[in-house]
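Make the full structure from the sequences, and use the hints.
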Amino acid sequence: MAEYDELDDTGRRNFLLRATSVVGVAGAGAACLPFVASMNPSAELLAKANTEVDLSGIPEDGMRTVAWQGKPVFILHRTKEEIKAMAATNGGLDPEQDKDRVKQPEWLVVIGVCTHMGCVPNREGPGWTCHCHGSQYDDSGRVLRGPAPKNLEVPPYRFIAAGKIMIGEA
Amino acid sequence: MKNKIIKWIDHRFPLTSFIKHELTGYPTPRNLSYWWNFGFLAGIVLMLQVLTGLFLAMHYKPDAAIAFDSIQHIMRDVNYGWLLRFMHSTGASAFFLVIYIHMARTLYYGSYRAPRELMWWTGQGLLLLLMATAFMGYLLPWGQMSFWGATVITNLFRATPFIGDQVVVWLRGDYAVGDDTLTRFFALHYLFPFLIIGAVVVHLVALHTVRSSNPSGINLADKDNIPFHPYYTSKDFFGMGVFLIAYFIVVFFFPHSLIESANNIPANPMVTPDHIVPEWYFLPFYAILRSVPNMVGGVVAMGLSVMIFAFMPFLDRSRIPGGGRYRPVYRMLFFIFMLDILVLGYVGYVPPTSQTIAIGQVATIYYFCSFLLLPLISKAEDKWLFKRGLPPKILALIASEEEEKRKRR
Amino acid sequence: MNRFIATLALCCAAFPASASENKLENFQVDTSVVAVERGVDTFMNACHGCHSLKYVHYRDLASLGIDKDRIAAWRGDSTLDSAMTSLISDEAAIQSFGIVPPDLSMMVRAREGGNSYIYSYLVGYYLTQDGKTGNHFYPITKMPDALGISSATDPAKRSELQGKAHDIVSFLSWAADPHEAERKALGYYVIGYLIILTVLLYNVKLQVWSRLKV
Numbered sequence: 001m002a003e004y005d006e007l008d009d010t011g012r013r014n015f016l017l018r019a020t021s022v023v024g025v026a027g028a029g030a031a032c033l034p035f036v037a038s039m040n041p042s043a044e045l046l047a048k049a050n051t052e053v054d055l056s057g058i059p060e061d062g063m064r065t066v067a068w069q070g071k072p073v074f075i076l077h078r079t080k081e082e083i084k085a086m087a088a089t090n091g092g093l094d095p096e097q098d099k100d101r102v103k104q105p106e107w108l109v110v111i112g113v114c115t116h117m118g119c120v121p122n123r124e125g126p127g128w129t130c131h132c133h134g135s136q137y138d139d140s141g142r143v144l145r146g147p148a149p150k151n152l153e154v155p156p157y158r159f160i161a162a163g164k165i166m167i168g169e170a
Numbered sequence: 171m172k173n174k175i176i177k178w179i180d181h182r183f184p185l186t187s188f189i190k191h192e193l194t195g196y197p198t199p200r201n202l203s204y205w206w207n208f209g210f211l212a213g214i215v216l217m218l219q220v221l222t223g224l225f226l227a228m229h230y231k232p233d234a235a236i237a238f239d240s241i242q243h244i245m246r247d248v249n250y251g252w253l254l255r256f257m258h259s260t261g262a263s264a265f266f267l268v269i270y271i272h273m274a275r276t277l278y279y280g281s282y283r284a285p286r287e288l289m290w291w292t293g294q295g296l297l298l299l300l301m302a303t304a305f306m307g308y309l310l311p312w313g314q315m316s317f318w319g320a321t322v323i324t325n326l327f328r329a330t331p332f333i334g335d336q337v338v339v340w341l342r343g344d345y346a347v348g349d350d351t352l353t354r355f356f357a358l359h360y361l362f363p364f365l366i367i368g369a370v371v372v373h374l375v376a377l378h379t380v381r382s383s384n385p386s387g388i389n390l391a392d393k394d395n396i397p398f399h400p401y402y403t404s405k406d407f408f409g410m411g412v413f414l415i416a417y418f419i420v421v422f423f424f425p426h427s428l429i430e431s432a433n434n435i436p437a438n439p440m441v442t443p444d445h446i447v448p449e450w451y452f453l454p455f456y457a458i459l460r461s462v463p464n465m466v467g468g469v470v471a472m473g474l475s476v477m478i479f480a481f482m483p484f485l486d487r488s489r490i491p492g493g494g495r496y497r498p499v500y501r502m503l504f505f506i507f508m509l510d511i512l513v514l515g516y517v518g519y520v521p522p523t524s525q526t527i528a529i530g531q532v533a534t535i536y537y538f539c540s541f542l543l544l545p546l547i548s549k550a551e552d553k554w555l556f557k558r559g560l561p562p563k564i565l566a567l568i569a570s571e572e573e574e575k576r577k578r579r
Numbered sequence: 580m581n582r583f584i585a586t587l588a589l590c591c592a593a594f595p596a597s598a599s600e601n602k603l604e605n606f607q608v609d610t611s612v613v614a615v616e617r618g619v620d621t622f623m624n625a626c627h628g629c630h631s632l633k634y635v636h637y638r639d640l641a642s643l644g645i646d647k648d649r650i651a652a653w654r655g656d657s658t659l660d661s662a663m664t665s666l667i668s669d670e671a672a673i674q675s676f677g678i679v680p681p682d683l684s685m686m687v688r689a690r691e692g693g694n695s696y697i698y699s700y701l702v703g704y705y706l707t708q709d710g711k712t713g714n715h716f717y718p719i720t721k722m723p724d725a726l727g728i729s730s731a732t733d734p735a736k737r738s739e740l741q742g743k744a745h746d747i748v749s750f751l752s753w754a755a756d757p758h759e760a761e762r763k764a765l766g767y768y769v770i771g772y773l774i775i776l777t778v779l780l781y782n783v784k785l786q787v788w789s790r791l792k793v
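Chains as they are written, first to last, in the numbering used here: chain A, 1 to 170; chain B, 171 to 579; chain C, 580 to 793.
Please note that a few of the clues may not be correct.
Pulled a few chain A residues facing chain B out of the computed Cβ check, cut under 8 Å [stated by the list, open to error]:
{"no.": "1", "residue": "Pro-34"}
{"no.": "2", "residue": "Phe-35"}
{"no.": "3", "residue": "Ala-37"}
{"no.": "4", "residue": "Ser-38"}
{"no.": "5", "residue": "Met-39"}
{"no.": "6", "residue": "Asn-40"}
{"no.": "7", "residue": "Ser-42"}
{"no.": "8", "residue": "Ala-43"}
{"no.": "9", "residue": "Glu-44"}
Heads up, simulated DSS-like pairs for lysine-lysine below, C-alpha to C-alpha not over 30 Å straight-line [stated by the list, open to error]:
{"no.": "10", "chain 1": "C", "residue 1": "Lys-792", "chain 2": "B", "residue 2": "Lys-190"}
{"no.": "11", "chain 1": "C", "residue 1": "Lys-792", "chain 2": "B", "residue 2": "Lys-563"}
{"no.": "12", "chain 1": "C", "residue 1": "Lys-792", "chain 2": "A", "residue 2": "Lys-103"}
These are computed hints drawn from the structure, not numbers from a lab.
Even for Gly, the Cβ is constructed at its ideal location relative to N, Cα and C.
Structure representation (structure tokens):
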């Protein structure tokens, strides 16, 4: 082949080559961003991040399950006795006061996903039992018996009117 | 540390030697012009299409009831979905533009001649795979043009002797283009690019066996070859920069120019658009199809018009290398052929009138004559050129090629 | 090579002319949010009764920057997440017009002539001798003169209705491609970057090739 000066690749590379490489790599990196971003939830899913729930149809001692961000949320309309019973204890394996888990004591709003492996527990009054591995929760969603380690998660929610909550916004 | 890892690999895998032999140190003629950039560019566009296609496939739904909706979802709701979609639609056109220029370069410089016939034929195979991929991809948005274009083209298979009707139904999966057609076209559209990648590997193996042709037509002496890296890597990357500027100008500022307005209307099997038009890269072949009044004849003519390129190594009887470089008649034929293709493209685009049909028929006849008369013309031109006199280098090359042929017999 | 380019240019010039005898108005879309907002308002009054925009959601209007209360007034009982579907059912539409009024989400892109065509169509209604309305640009249309321009003889009134049509088309233009502004803005940055990169790459190429001993 024709003679040519070997590119000096053991030490100093000239400034032009260095600058071009930096600009090129930066561009290639920036070019990845739209692809990665496209995998994030799209606009209509972010819109469904909040769910409005009308509590008026739920009778005392009744429970309704609603969908929020693809997950079930248990809404329990607690009786005075149930509230008293929950206030009396701190739960079980993951001690927490009942009043810290509710905004209005007669309404319990928890994500119905077992904190062990993610199954949906069944309502087995009082509380819930997860049929996958036997975890038990009380009427405050606190774990009484494992293998679940933590209490049922309380989603961010707030009362937007009497008898209406918006799940997704605290 | 890096060298230790590389040494470990080299013991077990020809990494360094492969890179040195086939990539960085690979001997390439020093006189390649920018017309030789287009193979690399085709590879770049292939990668762009596979990448954008993959990410589009994460959101697209290949179900006739919701396909069009899923495209709207991508365009409106998916983060940067509009960018993925426009890159992919523009990329399809870019792919054909690059490939057609690549083919034109090969035809002009006679790079299809011995010993590069297999390169030309693997290229032919790649063109067919690309056309099939593009055709199937065009159905996916499920717009009016998608649906009716697929209907017209699948209908052509009726020309198959004896079993034509069954072939059409088998292709479609239904009596008319429908959900089954869409789903299988999606599956195949996803598959074919990987077949293309495989065929590209074969194409490159062939290339590395016979080495690049060059504008002079003569096999250069060893001293006139230069290593691919850094000369052609730097030239290819610069060419890629120019290409990306043109490509992204279209993507960001004129993306709708390549999307037929009728395709913004959801497919309606009950209503045919006024004017069914394929994408620009199929127009010349479409014109040839419509030029023949008989349906089977039209299909045969169209198929032949694509396949006839394969015969070039046999049709060109000239002993003079370099294509149009030293052969003025061949050069003129080449340029008129390019003009002919543009005329055919125009004929394919406009709604057919008696005038345009006539022009199309003349252009179709010229198209085939360019190939079929080439043996005669190339031989006659050779006679004339030898009499007139050729550069000594060319005569020397011809003499040595004859010598080789004699030895092989 | 030059012959190639010349013939290419020749072919580009030979595009088929528009078939309508009436010339399309040269329409310049107003991409500002205020124009789009006026367009939505006019649309909700004059068009929404029959035409839907199934791919445009009320929340998209919020993303554009329109005030949420205004959107609430427009959407009435529909939620913010819902699409801008029309008030009329398909059956009722066919009863009244013989056809379901087409969805307008992509209409400016779905017609040759785009924005100019839609605008010209909207202001192209005229009164025939027997008191019926016709349209210069789509004579077989089943759509009534929604803006009432065919009976507007007063130049001030005509001008006002043309303004309304202008706003509607500006809105529909946004509706067909909500990311257009973002796309063009990003485009300037990308092309700018690529020009810099290509200039650098060109210089690298020159530098590398200069080392080649002749």
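Violations among the numbered hints: 12
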